[in-house]
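Assemble the whole structure, with the sequences as input and the hints as a guide.
Per my numbering, the sequence shown starts with residue 839, numbered consecutively.
In short, the hints are calculated from the structure, not lab data.
Note that the structure is predicted; figures quoted are calculated from it, not measured.
Even for Gly, the Cβ is constructed at its ideal location relative to N, Cα and C.
Be aware that one or more of the hints could be misleading.
Okay, derived cross-link-like pairs now, BS3-like style, lysine-lysine, Cα gap no bigger than 30 Å in a straight line [as the list claims (entries may be wrong)]:
1) K1142 to K1077
2) K857 to K1121
3) K988 to K1003
4) K846 to K1077
5) K1060 to K857
6) K1138 to K1098
7) K857 to K846
8) K988 to K1032
9) K1121 to K1138
10) K1121 to K1098
11) K1142 to K1121
12) K1060 to K1049
13) K846 to K1060
14) K1077 to K1064
15) K1049 to K1090
16) K1060 to K1090
Ranges of calculated distance between the beta carbons of each label pair, as one might list FRET restraints [what the hints assert, rightly or not]:
17) T847 to K1003: 50 to 56 Å
18) F1067 to K1174: 47 to 53 Å
19) S995 to R896: 50 to 56 Å
20) F1067 to L934: 44 to 50 Å
21) G1165 to Q1061: 18 to 24 Å
22) L933 to E845: 45 to 51 Å
23) E1014 to L936: 27 to 33 Å
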Amino acid sequence: MADNDSEKTEQPTGRRIQKAREEGNVAKTRELSAAVTFVATAIFMYFYISTMADELMRFMRESFMSLDYVLDEKSAVSLMFFVIIFMTKLLAPVLLMLFVVNIASNIMQFGFLFSPKALAVKLDRLDPIKGFGRIFSKRSLVELFKSLFKIFVVGLSAFYIIKGKIPTILRLGDSEPIDSIMFFLMLIFELFLKIGVLILILAIIDFMYQKWQNTEDLKMTKQEVKEEFRQMEGDPIIKQKIRSMQREMARKRMMSDVPKSDVVVTNPTHFAIALRYRPGEDKAPTVVAKGQRLLALRIKELAKKSGVLVHEDPPLARTLFKTVDIGDEIPENLYKAVAEILALVGKFKHMRR
839 MADNDSEKTE
849 QPTGRRIQKA
859 REEGNVAKTR
869 ELSAAVTFVA
879 TAIFMYFYIS
889 TMADELMRFM
899 RESFMSLDYV
909 LDEKSAVSLM
919 FFVIIFMTKL
929 LAPVLLMLFV
939 VNIASNIMQF
949 GFLFSPKALA
959 VKLDRLDPIK
969 GFGRIFSKRS
979 LVELFKSLFK
989 IFVVGLSAFY
999 IIKGKIPTIL
1009 RLGDSEPIDS
1019 IMFFLMLIFE
1029 LFLKIGVLIL
1039 ILAIIDFMYQ
1049 KWQNTEDLKM
1059 TKQEVKEEFR
1069 QMEGDPIIKQ
1079 KIRSMQREMA
1089 RKRMMSDVPK
1099 SDVVVTNPTH
1109 FAIALRYRPG
1119 EDKAPTVVAK
1129 GQRLLALRIK
1139 ELAKKSGVLV
1149 HEDPPLARTL
1159 FKTVDIGDEI
1169 PENLYKAVAE
1179 ILALVGKFKH
1189 MRR
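Spelled out as structure tokens, the structure:
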């Protein structure tokens, strides 16, 4: 029995998952970011490729013009600054897109997350014995196998894509510069798109595996679940919050019933009790809301706004407040007093018509 209690057979609780998240322990795969980056770059290039080709042609023309066919120290410096400015302008949209895509791909996996604990230095990671054990652990071997498999699949795909273009590449010597530039840009577009889709498929499979592995790592023993539940139940702050939430929910539910009542009996300032009576549905008038002091004032204000009669009867109000709970019917000894008030309600509604 003790062995069963020590086995991690229970699904992780919400508190354990939240604690792991605060420590940066979430299911994630680096390949998804790479895949989304590849595909996004390919899509971006599809719309940006003609602009890039034109800009590269302009770069080639202006490079030779800036040299004035003489390569010396002055022209070399001028060319260097020209290249830096040109490449910055050309690649700035691409780099900005990659920055946004990388952030978005991480948010897709685990949402917005900033974990200072994940950035903290952990001294146990400096232990060479534990480090050696991590290198040759089962998980590390699985990660190594996955990485080698991905490199093989991506490399093989790239090889076959380029292999089919070799005859065209060999004929580019007789082509116009703009045609060569367009060819290589289209080749890059094709490589990014096809490899990106391939990596995306692998990344989705890997993410599903990482999610399963993360859940397995967070699983708890039966004893851990009992201990956590005991801590949650015994925490006075949590208990206080739960009671506060319950009171607030009950108050909101009670206030929502005030407009449905027939009359509000008041003290007039200390107590307010809302009564409802539906002939055929209720055996006797029922208290649907009650309060004292500020809550009594709120009940009266809401009743007046909703067109519910507010009737002052201090003795009856005190008796109802002290003896009848919300949701309960009034006792028989109060039938006569309440019936007289309900008769006034009938006249009040008649006058309003």
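How the hints compare with the structure:
Of the supplied pair hints, the one linking K1142 and K1077 is violated, its CA atoms being roughly 36 Å apart against a limit of 30 Å. A threshold of 30 Å between alpha carbons decides the hint, and for K857 with K1121 the separation of about 52 Å lies outside it, so the pair is violated. About 23 Å separates the Cα atoms of K988 and K1003, which keeps this hinted pair within 30 Å; it holds. Of the supplied pair hints, the one linking K846 and K1077 holds, its CA atoms being roughly 28 Å apart against a limit of 30 Å.
Only pairs whose Cα atoms come within 30 Å are accepted, and K1060 paired with K857 is accepted, the gap being roughly 18 Å. A hinted pair counts as satisfied when its Cα atoms are at most 30 Å apart, and K1138 with K1098 qualifies at roughly 13 Å. For the proposed pair K857 and K846, the alpha carbon gap of about 17 Å is at most 30 Å, so the pair holds. A hinted pair counts as satisfied when its Cα atoms are at most 30 Å apart, and K988 with K1032 qualifies at roughly 14 Å.
For the proposed pair K1121 and K1138, the alpha carbon gap of about 25 Å is at most 30 Å, so the pair holds. For a cut-off of 30 Å, the pair hint linking K1121 to K1098 stands: about 17 Å separates their Cα positions. Simply put, K1142 and K1121 have alpha-carbon atoms about 26 Å apart, close enough for the 30 Å limit, and the pair holds. Taken as a hint, the K1060 and K1049 pair is honoured in the structure, with Cα atoms around 22 Å apart against an allowance of 30 Å.
Distance check on the hinted pair: K846 and K1060 sit about 7 Å apart at the alpha-carbon level, within 30 Å; holds. Between K1077 and K1064, the direct Cα distance comes to roughly 17 Å. Compliance with the 30 Å bound is thereby established for this hinted pair. Our distance criterion of 30 Å between C-alpha atoms is broken by K1049 and K1090, whose separation comes to about 40 Å. With a C-alpha separation of about 38 Å, the suggested pair K1060 and K1090 falls outside the 30 Å cut-off, and the hint is violated.
For the pair T847 and K1003, the beta carbons lie near 55 Å from each other, so the given range of 50 to 56 Å is met. For F1067 and K1174, the hinted distance range of 47 to 53 Å is satisfied, since their beta carbons lie about 52 Å from each other. Distance hint check for S995 and R896: the Cβ-Cβ separation is about 33 Å, which falls outside the suggested range of 50 to 56 Å. For the hinted restraint 44 to 50 Å between F1067 and L934, the CB-CB distance of approximately 49 Å keeps it satisfied.
As the Cβ distance of G1165 to Q1061 is approximately 41 Å, the hint placing it in 18 to 24 Å is violated. The given range of 45 to 51 Å is respected by L933 and E845, whose C-beta atoms sit roughly 50 Å from each other. For the pair E1014 and L936, the supplied restraint of 27 to 33 Å holds, since their beta-carbon distance comes to about 31 Å.
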